[in-house]
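There are 6 protein chains.
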Amino acid sequence: MGPEGYACKDPTTVTSDDFVYTGFRGEKPTTNIFRNHLTLAFANAYPALNGLGIALARLDFAVGGVIPVHSHRTSEVLIVAKGTIIAGFIDTNNTAYYKKLEVGDVMMFPQAMLHFQVNVGKTPALAFVSLNGANPGLQITSSSLFEGNLPGEIAEQISLLSHQEVTRMKKLFGTT
Amino acid sequence: MGPEGYACKDPTTVTSDDFVYTGFRGEKPTTNIFRNHLTLAFANAYPALNGLGIALARLDFAVGGVIPVHSHRTSEVLIVAKGTIIAGFIDTNNTAYYKKLEVGDVMMFPQAMLHFQVNVGKTPALAFVSLNGANPGLQITSSSLFEGNLPGEIAEQISLLSHQEVTRMKKLFGTT
Amino acid sequence: MGPEGYACKDPTTVTSDDFVYTGFRGEKPTTNIFRNHLTLAFANAYPALNGLGIALARLDFAVGGVIPVHSHRTSEVLIVAKGTIIAGFIDTNNTAYYKKLEVGDVMMFPQAMLHFQVNVGKTPALAFVSLNGANPGLQITSSSLFEGNLPGEIAEQISLLSHQEVTRMKKLFGTT
Amino acid sequence: MGPEGYACKDPTTVTSDDFVYTGFRGEKPTTNIFRNHLTLAFANAYPALNGLGIALARLDFAVGGVIPVHSHRTSEVLIVAKGTIIAGFIDTNNTAYYKKLEVGDVMMFPQAMLHFQVNVGKTPALAFVSLNGANPGLQITSSSLFEGNLPGEIAEQISLLSHQEVTRMKKLFGTT
Amino acid sequence: MGPEGYACKDPTTVTSDDFVYTGFRGEKPTTNIFRNHLTLAFANAYPALNGLGIALARLDFAVGGVIPVHSHRTSEVLIVAKGTIIAGFIDTNNTAYYKKLEVGDVMMFPQAMLHFQVNVGKTPALAFVSLNGANPGLQITSSSLFEGNLPGEIAEQISLLSHQEVTRMKKLFGTT
Amino acid sequence: MGPEGYACKDPTTVTSDDFVYTGFRGEKPTTNIFRNHLTLAFANAYPALNGLGIALARLDFAVGGVIPVHSHRTSEVLIVAKGTIIAGFIDTNNTAYYKKLEVGDVMMFPQAMLHFQVNVGKTPALAFVSLNGANPGLQITSSSLFEGNLPGEIAEQISLLSHQEVTRMKKLFGTT
Numbered sequence: 001m002g003p004e005g006y007a008c009k010d011p012t013t014v015t016s017d018d019f020v021y022t023g024f025r026g027e028k029p030t031t032n033i034f035r036n037h038l039t040l041a042f043a044n045a046y047p048a049l050n051g052l053g054i055a056l057a058r059l060d061f062a063v064g065g066v067i068p069v070h071s072h073r074t075s076e077v078l079i080v081a082k083g084t085i086i087a088g089f090i091d092t093n094n095t096a097y098y099k100k101l102e103v104g105d106v107m108m109f110p111q112a113m114l115h116f117q118v119n120v121g122k123t124p125a126l127a128f129v130s131l132n133g134a135n136p137g138l139q140i141t142s143s144s145l146f147e148g149n150l151p152g153e154i155a156e157q158i159s160l161l162s163h164q165e166v167t168r169m170k171k172l173f174g175t176t
Numbered sequence: 001m002g003p004e005g006y007a008c009k010d011p012t013t014v015t016s017d018d019f020v021y022t023g024f025r026g027e028k029p030t031t032n033i034f035r036n037h038l039t040l041a042f043a044n045a046y047p048a049l050n051g052l053g054i055a056l057a058r059l060d061f062a063v064g065g066v067i068p069v070h071s072h073r074t075s076e077v078l079i080v081a082k083g084t085i086i087a088g089f090i091d092t093n094n095t096a097y098y099k100k101l102e103v104g105d106v107m108m109f110p111q112a113m114l115h116f117q118v119n120v121g122k123t124p125a126l127a128f129v130s131l132n133g134a135n136p137g138l139q140i141t142s143s144s145l146f147e148g149n150l151p152g153e154i155a156e157q158i159s160l161l162s163h164q165e166v167t168r169m170k171k172l173f174g175t176t
Numbered sequence: 001m002g003p004e005g006y007a008c009k010d011p012t013t014v015t016s017d018d019f020v021y022t023g024f025r026g027e028k029p030t031t032n033i034f035r036n037h038l039t040l041a042f043a044n045a046y047p048a049l050n051g052l053g054i055a056l057a058r059l060d061f062a063v064g065g066v067i068p069v070h071s072h073r074t075s076e077v078l079i080v081a082k083g084t085i086i087a088g089f090i091d092t093n094n095t096a097y098y099k100k101l102e103v104g105d106v107m108m109f110p111q112a113m114l115h116f117q118v119n120v121g122k123t124p125a126l127a128f129v130s131l132n133g134a135n136p137g138l139q140i141t142s143s144s145l146f147e148g149n150l151p152g153e154i155a156e157q158i159s160l161l162s163h164q165e166v167t168r169m170k171k172l173f174g175t176t
Numbered sequence: 001m002g003p004e005g006y007a008c009k010d011p012t013t014v015t016s017d018d019f020v021y022t023g024f025r026g027e028k029p030t031t032n033i034f035r036n037h038l039t040l041a042f043a044n045a046y047p048a049l050n051g052l053g054i055a056l057a058r059l060d061f062a063v064g065g066v067i068p069v070h071s072h073r074t075s076e077v078l079i080v081a082k083g084t085i086i087a088g089f090i091d092t093n094n095t096a097y098y099k100k101l102e103v104g105d106v107m108m109f110p111q112a113m114l115h116f117q118v119n120v121g122k123t124p125a126l127a128f129v130s131l132n133g134a135n136p137g138l139q140i141t142s143s144s145l146f147e148g149n150l151p152g153e154i155a156e157q158i159s160l161l162s163h164q165e166v167t168r169m170k171k172l173f174g175t176t
Numbered sequence: 001m002g003p004e005g006y007a008c009k010d011p012t013t014v015t016s017d018d019f020v021y022t023g024f025r026g027e028k029p030t031t032n033i034f035r036n037h038l039t040l041a042f043a044n045a046y047p048a049l050n051g052l053g054i055a056l057a058r059l060d061f062a063v064g065g066v067i068p069v070h071s072h073r074t075s076e077v078l079i080v081a082k083g084t085i086i087a088g089f090i091d092t093n094n095t096a097y098y099k100k101l102e103v104g105d106v107m108m109f110p111q112a113m114l115h116f117q118v119n120v121g122k123t124p125a126l127a128f129v130s131l132n133g134a135n136p137g138l139q140i141t142s143s144s145l146f147e148g149n150l151p152g153e154i155a156e157q158i159s160l161l162s163h164q165e166v167t168r169m170k171k172l173f174g175t176t
Numbered sequence: 001m002g003p004e005g006y007a008c009k010d011p012t013t014v015t016s017d018d019f020v021y022t023g024f025r026g027e028k029p030t031t032n033i034f035r036n037h038l039t040l041a042f043a044n045a046y047p048a049l050n051g052l053g054i055a056l057a058r059l060d061f062a063v064g065g066v067i068p069v070h071s072h073r074t075s076e077v078l079i080v081a082k083g084t085i086i087a088g089f090i091d092t093n094n095t096a097y098y099k100k101l102e103v104g105d106v107m108m109f110p111q112a113m114l115h116f117q118v119n120v121g122k123t124p125a126l127a128f129v130s131l132n133g134a135n136p137g138l139q140i141t142s143s144s145l146f147e148g149n150l151p152g153e154i155a156e157q158i159s160l161l162s163h164q165e166v167t168r169m170k171k172l173f174g175t176t
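Chains as they are written, first to last, in the UniProt record's numbering: chain W, 1 to 176; chain C, 1 to 176; chain F, 1 to 176; chain G, 1 to 176; chain E, 1 to 176; chain A, 1 to 176.
In short, the hints are calculated from the structure, not lab data.
It cannot be assumed that every hint is accurate.
Because identical chains cannot be distinguished in the list, a pair is counted as satisfied if it fits within a single copy or across any two copies.
With a straight-line cut-off of 27 Å between C-alpha atoms, the simulated DSS-like cross-links for lysine-lysine are [to be verified]:
no.	residue 1	residue 2
1	LYS171	LYS99
2	LYS82	LYS100
3	LYS82	LYS122
4	LYS100	LYS122
5	LYS99	LYS9
6	LYS28	LYS82
7	LYS99	LYS122
8	LYS170	LYS99
9	LYS100	LYS9
10	LYS170	LYS100
11	LYS28	LYS99
12	LYS170	LYS122
13	LYS171	LYS9
14	LYS28	LYS100
15	LYS82	LYS170
16	LYS171	LYS122
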């Protein structure tokens, strides 16, 4: 993809298929620790988005599933396709704005602010989001702190979480 | 809404409701000349988007309905929610890229390029789009040329369309 | 050209000539279907503009010549060098703003809005435009619809133009 | 402040003092729960920055003090003025990059990524940061989750932290 | 003018005249110290440019006239309308790129780099420039140093110019 | 460095060291013609800044040392670490805003405006600046005019400086 939004492929070989993304088709498993499935149509998965300043994701929730608290450098809008979720974000004054959303409802999440979605209905839920950047840089807070190589001792110091809890979380994420 | 994405309302009166848009709920009539219904969740209808750089729209198509050829200053991504549509855009070399899309399929439309969607299925269709700007500046080509105050004589000169056709189109849009 | 506005050529071989564009010199033929000649000093023709966010074009009009209705992702300003033209644009409410311009007059055209220029004088006309992007992405509406590979059937559906007129236009552009 | 970086004050009353910020002078107390003191020279405190796209902060650390894990919509660079700190950030793959810094060392933190600083020396520490935005939108992760109005039950669901730990943290922040 | 490029005037009172600038008409005196005349069609003189990201200027040169060395935060392109000028810019390595230009020739000047134009022909010269910003922030180097309130002593220190020369220049600009 | 702020190095070989810059350590000589030393932590010296939109510099002043009048395409903020300096900038109306700064004081310099710093104390001085761009494009006015290949004759014409002074300056910079 060049800066103008056309594919970096040899232009003579570009076809309409290059501009269409079909990765949202079908059923998605929701068996991970958060009982969700994230399908990211960001530029690495959907190269036609390069240079366009926009991306999408499909959010699948099992009953009780959540998209855990996370952030990214772009703004986001969400639309509920199935089920009933609570969606919300927290602002720089630590005020949380959250609301139960029905099918067809839309909620926005400002650039870089922590936000989350929780399936509070009795059925699986489905939502789609779009983000105003082709490479949004998604960062899940608990995964950042406990799922990678950050030493538990530092995680404690920078979060004020207890030694016991950090140990529990690292065990949950398989990093002890 | 201030530049940081919070409402220009007195901040002490902001509630979660200010961040949620419910205008996509319910059925929409598709009885206009294009047999479509556009529900625009742009910043004027959904003020929380101000400063966020993103907007949405819901596209309803009757059987045979179309979103006529149009453009805007933002990029766009579309996701099909119901039905079967052909979506496409035309690039600066006059090459059209278009494809039949099924439910769940996504297509992107580069910034400012002419594009369109046509319901080619036997049932009504529904799609959602998002755009990377809070005020995308939607301009429908035929409406621009024939539905406003542009004199028919100028419309002919700048499009090479025939006098007879321009007259027909202005009659169709009620501007003769 | 790097992002800082200097040529991607080996810097030791860059000379002042790399920063000067001489393609606007001389007479230009105005014998095409629009009786105009567009000389585009965009980044592909004038590589020193890469990374600078600006480009130019020279517009030559025969008597009766037009720059047909078109759009691009950048804003534009025009200055009349010779002759008398009507220039205008159409906004998102389908309102056309147009005016007869004399030598030295300037008109602006907002980003992505359809606009046009018509030589309404008794002599050839000449104008220069500049655009705030090195790759403006010029798209001529009638050429987009009739000069490329867009099937006539789709062109009809997305414009509401008649079958007869679409056929006439494609014949005019040599694509039937 | 207008868009050009000059004060919105009556221009005839602007003096050099309006462009200078003196809030970093003197000693700062480091007695809060994190044993730090943040002095933010963002646009609300230093209005001359409006429209300039840049801001600063002074970071004071008691012995053992930390700047807890946080994020903002801008990039950041830090320079150590006194003491020895460990600074780091976590990327979108959950990889933490962190390093012990001496006086004069600089570290960068990419836009919107979680990052932190810990005084690991035996004396108080001092650092200055700058950020490429006049209103960076600082969000401290633990404060977002536990210091505001987010219900503990939601905090648990979206972080996977235990009920017991969430209760402990809310007590620590005085919000139970 | 709002951020979308339409006038801040009551929209119902906007006419085509608001989008046209006629200040480049007629003859301009070239009797100042530089034997030039600058006519700036920036946003304050041509409000329709607000939000469009582009501006223009007309440069008139008497025989021997110059546009003295200057800079601005935008990039610039120049087109020669009459006469013969030498135009050039200096890059960050102190390399000057300059060239004699004929009617119709174009030269570009990268954002914020010092540049200049000199009429080297035997007749008056005329050029037009455009800049990719509505408020380019033009700053003429000699005027900045000698025509305002900067004390001569500081001017000497920060330029290494001699006391005698600074005194001569301030006398020339009427500020001793 | 890719557009997302991570190194263009093979990602598997990136370490924390790649994100830290140590070039500000130690003493710097201040024996040049301006009795200063500029240490630029711009993207070419500190590649991790690529794509981050921010850069830094260390300014060392001998007694009587100056950072001569200069400009760049970014905004800048300065913080005084040692000594007493006068810092200032000149706006587009030729008004100079300048002030004596003590340790800890901050001053901002708007994008592309000429600015300067002078050590007015009896000891060496030290300051740090940051700029909201990874490649600010620093241009020192006197060096631009006298230290490179710009012919003295042109330098005179475009500055109104005397032949005698231009000759003296070029001798000072070793370019006659």
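Hint-by-hint comparison with the structure:
1. For a Cα distance limit of 27 Å, the shortest separation of LYS171 from LYS99 across copies, 25 Å, qualifies, whereas the shortest one inside one copy, 32 Å, does not.
2. Taking identical chains as interchangeable, the C-alpha atoms of LYS82 and LYS100 lie at most 27 Å apart whether they share a chain (13 Å) or sit on different chains (24 Å).
3. Taking identical chains as interchangeable, the C-alpha atoms of LYS82 and LYS122 lie at most 27 Å apart whether they share a chain (11 Å) or sit on different chains (24 Å).
4. In this homomeric assembly, LYS100 and LYS122 come within 27 Å of each other (Cα to Cα) only inside a single copy, at 13 Å, whereas the closest approach across copies is 35 Å.
5. Proximity of LYS99 and LYS9 under a CA criterion of 27 Å is satisfied inter-copy only: 19 Å between copies versus 44 Å inside one chain copy.
6. For a Cα distance limit of 27 Å, the shortest separation of LYS28 from LYS82 qualifies both inside one copy, at 14 Å, and across copies, at 19 Å.
7. With identical chains, the CA atoms of LYS99 and LYS122 are at most 27 Å apart within one copy only, with a shortest distance of 17 Å there and 37 Å across copies.
8. Taking the shortest alpha-carbon separations for LYS170 and LYS99, only the inter-copy value of 22 Å comes in at or below 27 Å, while the best intra-copy value is 31 Å.
9. For a Cα distance limit of 27 Å, the shortest separation of LYS100 from LYS9 across copies, 22 Å, qualifies, whereas the shortest one inside one copy, 44 Å, does not.
10. Taking identical chains as interchangeable, the C-alpha atoms of LYS170 and LYS100 lie at most 27 Å apart only when they sit on different chains, with a minimum of 24 Å there against 31 Å within one chain.
11. In this assembly of identical chains, LYS28 and LYS99 lie within 27 Å of each other by CA distance both inside one copy and across copies; the values are 25 Å within and 25 Å between.
12. In this assembly of identical chains, the alpha carbons of LYS170 and LYS122 never lie at most 27 Å apart, being 30 Å within a copy and 29 Å across copies at closest.
13. When the C-alpha separation of LYS171 and LYS9 is checked against a cutoff of 27 Å, the pair qualifies neither within a copy, at 44 Å, nor between copies, at 32 Å.
14. In this assembly of identical chains, LYS28 and LYS100 lie within 27 Å of each other by CA distance both inside one copy and across copies; the values are 23 Å within and 23 Å between.
15. Proximity of LYS82 to LYS170 under the C-alpha cut-off of 27 Å is found in neither arrangement, the shortest distances being 33 Å within a copy and 33 Å between copies.
16. Proximity of LYS171 to LYS122 under the C-alpha cut-off of 27 Å is found in neither arrangement, the shortest distances being 29 Å within a copy and 32 Å between copies.
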